[in-house]
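Enquirer: All chains should be modelled from the sequences, with the hints used to inform the complete structure.
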Amino acid sequence: MSEIVKTVELFVEYPPSRSGGERKQAVNGLNLSVKAGEVFGFLGPNGAGKTTTMNVLLGFIQPTRGDAFLFDVSVREPIARQRIGYLPELTYYYKFLTAEELLRFYARIFRITPAETERRIDALMKLVELDHARKRPIKTYSKGMQQRVGLAQALINNPDLLILDEPTSGLDPLGRMKVREIIQRLKNEGKTVLFSSHELGEVETVCDRVAIINQGQLQIEGRVADLVAKYQCDLERIFLNLIGYTAPTVS
Amino acid sequence: MVRPTYILGLLLALAFTLATGLQSETRSWRTRSGEGGLMAMLFGDGRRLFANHFTVKADQYFHSGYYPSIFDQRPEGDGEQPEVHVHDEHCDHENETDAEHGGATEHSVEACEEKSGGWNTASDWIAKFGSNFRVTEHTHLTGKQQRELLPWLKISAELDPHQINTYLVASYWLRKTDKSAEAEKFIREGLEANPQDCELVFELGQIYLLDRKNLERAQRLFELALTRWDAQESAKEKPNLILLANIASNLARVEETKGQIASAISHLERARQASPQSAALAKQIEELKLKLSSPSATNSLVPH
Amino acid sequence: MNIVIAIASVVAKEMYRRKDFYVLFVLTALITLLAGSVNFFGDAKIAMYVKEICLLLIWVSSLVIAVGPAARQIPAERENRTIFPLLAKPVTRAQMILGKFVGCWVVAGFALLVLYLFFGVVSGLREQAWPVAHFFLAALLHWLLLGIVIAMTLLGSVVLSAPSVNWTVTLIVVIGILFVGEHLNKVAGRLHEPGGSMVRTVYYLIPHLEWFDIRDLLIYNKPLPPLLALGGATVYAAIYMAFFLYASWLVFRRKPLSA
Numbered sequence: 001m002s003e004i005v006k007t008v009e010l011f012v013e014y015p016p017s018r019s020g021g022e023r024k025q026a027v028n029g030l031n032l033s034v035k036a037g038e039v040f041g042f043l044g045p046n047g048a049g050k051t052t053t054m055n056v057l058l059g060f061i062q063p064t065r066g067d068a069f070l071f072d073v074s075v076r077e078p079i080a081r082q083r084i085g086y087l088p089e090l091t092y093y094y095k096f097l098t099a100e101e102l103l104r105f106y107a108r109i110f111r112i113t114p115a116e117t118e119r120r121i122d123a124l125m126k127l128v129e130l131d132h133a134r135k136r137p138i139k140t141y142s143k144g145m146q147q148r149v150g151l152a153q154a155l156i157n158n159p160d161l162l163i164l165d166e167p168t169s170g171l172d173p174l175g176r177m178k179v180r181e182i183i184q185r186l187k188n189e190g191k192t193v194l195f196s197s198h199e200l201g202e203v204e205t206v207c208d209r210v211a212i213i214n215q216g217q218l219q220i221e222g223r224v225a226d227l228v229a230k231y232q233c234d235l236e237r238i239f240l241n242l243i244g245y246t247a248p249t250v251s
Numbered sequence: 252m253v254r255p256t257y258i259l260g261l262l263l264a265l266a267f268t269l270a271t272g273l274q275s276e277t278r279s280w281r282t283r284s285g286e287g288g289l290m291a292m293l294f295g296d297g298r299r300l301f302a303n304h305f306t307v308k309a310d311q312y313f314h315s316g317y318y319p320s321i322f323d324q325r326p327e328g329d330g331e332q333p334e335v336h337v338h339d340e341h342c343d344h345e346n347e348t349d350a351e352h353g354g355a356t357e358h359s360v361e362a363c364e365e366k367s368g369g370w371n372t373a374s375d376w377i378a379k380f381g382s383n384f385r386v387t388e389h390t391h392l393t394g395k396q397q398r399e400l401l402p403w404l405k406i407s408a409e410l411d412p413h414q415i416n417t418y419l420v421a422s423y424w425l426r427k428t429d430k431s432a433e434a435e436k437f438i439r440e441g442l443e444a445n446p447q448d449c450e451l452v453f454e455l456g457q458i459y460l461l462d463r464k465n466l467e468r469a470q471r472l473f474e475l476a477l478t479r480w481d482a483q484e485s486a487k488e489k490p491n492l493i494l495l496a497n498i499a500s501n502l503a504r505v506e507e508t509k510g511q512i513a514s515a516i517s518h519l520e521r522a523r524q525a526s527p528q529s530a531a532l533a534k535q536i537e538e539l540k541l542k543l544s545s546p547s548a549t550n551s552l553v554p555h
Numbered sequence: 556m557n558i559v560i561a562i563a564s565v566v567a568k569e570m571y572r573r574k575d576f577y578v579l580f581v582l583t584a585l586i587t588l589l590a591g592s593v594n595f596f597g598d599a600k601i602a603m604y605v606k607e608i609c610l611l612l613i614w615v616s617s618l619v620i621a622v623g624p625a626a627r628q629i630p631a632e633r634e635n636r637t638i639f640p641l642l643a644k645p646v647t648r649a650q651m652i653l654g655k656f657v658g659c660w661v662v663a664g665f666a667l668l669v670l671y672l673f674f675g676v677v678s679g680l681r682e683q684a685w686p687v688a689h690f691f692l693a694a695l696l697h698w699l700l701l702g703i704v705i706a707m708t709l710l711g712s713v714v715l716s717a718p719s720v721n722w723t724v725t726l727i728v729v730i731g732i733l734f735v736g737e738h739l740n741k742v743a744g745r746l747h748e749p750g751g752s753m754v755r756t757v758y759y760l761i762p763h764l765e766w767f768d769i770r771d772l773l774i775y776n777k778p779l780p781p782l783l784a785l786g787g788a789t790v791y792a793a794i795y796m797a798f799f800l801y802a803s804w805l806v807f808r809r810k811p812l813s814a
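Residue numbers (my numbering), protein chains in the order written: chain A, 1 to 251; chain B, 252 to 555; chain C, 556 to 814.
It is possible that some hints are incorrect.
As the list claims (entries may be wrong) - Label-pair restraints from in silico Cβ distances: (1) A:Asp-72 x C:Ile-560: 25 to 35 Å; (2) A:Ala-36 x C:Tyr-759: 51 to 61 Å; (3) C:Ala-684 x A:Asp-122: 53 to 63 Å.
As the list claims (entries may be wrong) - A short list of chain C residues far from chain B (calculated; beta carbon distances all over 10 Å): (4) Leu-579; (5) Leu-585; (6) Met-603; (7) Trp-614; (8) Leu-618; (9) Ile-730; (10) Gly-731; (11) Gly-750; (12) Thr-756; (13) Trp-766; (14) Phe-767; (15) Leu-772; (16) Phe-798.
Note that these hints are calculated values from the structure, not bench results. Small disclaimer: the values here were computed from a predicted structure and weren't measured. For each residue, glycine too, the CB sits at the ideal point set by N, CA and C.
Expert: Structure representation (structure tokens):
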């Protein structure tokens, strides 16, 4: 199975926030690979380096050392992002545009033909259940609706790789279920999904493989079932042990 | 529970009542009471700073935009300075005679150019190229176009009603564009703001003499102007002799027209003492003396 | 180019939906009509001052229309986090800057068209003359100036963090150049060294925006600049636009963006 996402000895350092301070090592020699067609969970505590790694993959920041590849194309090339869809954790879109106009704009970037664009917009609006609000400006949307618009824009180019940063954050249980359904559907279509989440129960249900990072370093990587069998506990316990959490003792 | 609209209504009524009661009390606090027009109310005494700007604007308009900036004026002690040229009734370029000018020399575009000292020479390629996009031809507004100066002079007078020159210049151009009624009205506005000024009285006299052809009234105004000049200027270290020469010359002209040659001579003598064009005036006096001494003269021998 | 045009169209949508232009146009029209309705000495045919006031208002409005939106394009994208879904697509930072520039410049051009049309009507009715070529050329040169200003503002927006600071600095620089730029060489001649050399250097480096201001030619009904000079000014404007846009890209391309 080919590697859709690959990082090779990835280092990301941030300059010190004040003079005389130390440089912050956000990602420390990360070697990650995501294979085609799998749902990959990217886990870690806050500040572990998940978002930094995603920022490198998306070209928002340059790695200090090492490299990252999408579809065997270096992430420094814009063409690497031609076949991906990205849903940020905090979803903000152009408030003065309607959902339709937003999708049309992004479709134009991908050079999708106008006829095909309209067809996709219709399908996506129905998928994310925003058909009734497609002509309203996004500034009138609730948070949940904005999240769904985000999902729609991530899918407009029918991506082969979907990168989701905390996709269920802020959603009610129904919303979370919808997202899970979409991820499953994409998987069935042979798409690759890379997502980060704190909802370990969800990850355990949906993901084929997971990677857990802490302090910028990869702690563990493998199939969920294999890890659970190996450590004889659920994913949450594995996660807590890896990050060094010990429960307080009761005297 | 009292309805909110009743409370709002009550508060409005209270405010209205207070306002009517306090109106007269607050009059003593306010320095800008609305007198002096909109400009005075908006800007207070600060408006005077802008008045000169608009006078210069009028001059700039007269020169069709061909005008030096403050950077084109050389610092003191650096040789001859190019002058910011303010045209007034002494700087006509076309028809008025030297006598009407009180002896001032005629002012052509060429003379204007020479006087300003060639400020518009480009010293580098940027300035040379930039000259394609600005006015580089020195022309003066002519004919009906001269009315374009007037709005700026009007605004300048609104901003500083005590700048006499603004009224005089505006009056000159109004008269040149066949608006002597407007000129008279404007001069009277100037006199309202400056009741003791002799130049404005003299200008009013000019209007009555040259435009309305009312000799009697013109003479009374010239005499009033002369009286005021004597009262205000004569005691000064550097009195305005050109003005005295103008007033006296014009009085002489009126007297001559009325046939009062001796009075005319008397006024011309006074003008000659004050005027830089004394040779021309001396010649005029001689001519009048000849006229007086000729047998056909019907004028009185006693000066007025 | 398709991506640049797509980004530009979103910028244009934002600008016309924000309604800034309509307010400025209404203000310009109102003040001009008010000025034109004032009776100076009973002469309704006085035209130059109306033209001057109208052109001054057009220049003020156009600078507001150009600088305001350009100053907030990239900072607003970062602050609102809309930059992340955009740059997660196959969009380069150069395309983003170019798209923002084209959007702002095209909208400024339309605004100028409407404003100069209004000016043409007011001036024509007063003077009973319609020098269309003059109006068109003045609008064109004005548009080129706005291109330089917008490019300069975009550079400011990637260098300075706050749009309000960028707005203020850009306006001060632009107004300073318009008033004083052509005279700096004269000022340099009167200064002692090294001040004189510094001012002279600034004189040669700054974009001479005063070349694009032919209001005096319009007000005083003077002949148009020669075609060669117009061509030269256009090339000059293009060079400065390219310079500021390239500088913007150089600064922006290395800026880390954290989602």
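Enquirer: Next step is simple, just say for each hint if it's right about the structure.
Expert: Taking the hints in turn, this is what the structure says about them:
1. A:Asp-72 x C:Ile-560: 25 to 35 Å: For Asp-72 of chain A and Ile-560 of chain C the Cβ distance comes to about 30 Å; the hint holds.
2. A:Ala-36 x C:Tyr-759: 51 to 61 Å: 59 Å, holds
3. C:Ala-684 x A:Asp-122: 53 to 63 Å: 56 Å, holds
4. Leu-579: Leu-579 of chain C is indeed farther than 10 Å from all Cβ atoms of chain B, at 22 Å.
5. Leu-585: The assertion about Leu-585 of chain C holds, with a minimum of 17 Å to chain B.
6. Met-603: Non-interface label fails for Met-603 of chain C: nearest chain B Cβ at 4 Å, not farther than 10 Å.
7. Trp-614: 15 Å, holds
8. Leu-618: 18 Å, holds
9. Ile-730: Ile-730 of chain C clear of chain B: closest Cβ-Cβ about 15 Å, beyond 10 Å.
10. Gly-731: 13 Å, holds
11. Gly-750: 15 Å, holds
12. Thr-756: Check passes; 13 Å lies beyond 10 Å.
13. Trp-766: 5 Å, violated
14. Phe-767: 7 Å, violated
15. Leu-772: At about 7 Å from chain B, Leu-772 of chain C fails to clear the 10 Å cut-off, so the statement is violated.
16. Phe-798: The claim stands: Phe-798 of chain C keeps its Cβ more than 10 Å from every Cβ of chain B (closest is about 17 Å).
When the structure is compared with the earlier hints, violations turn up for hints 6, 13, 14 and 15 and for no others.
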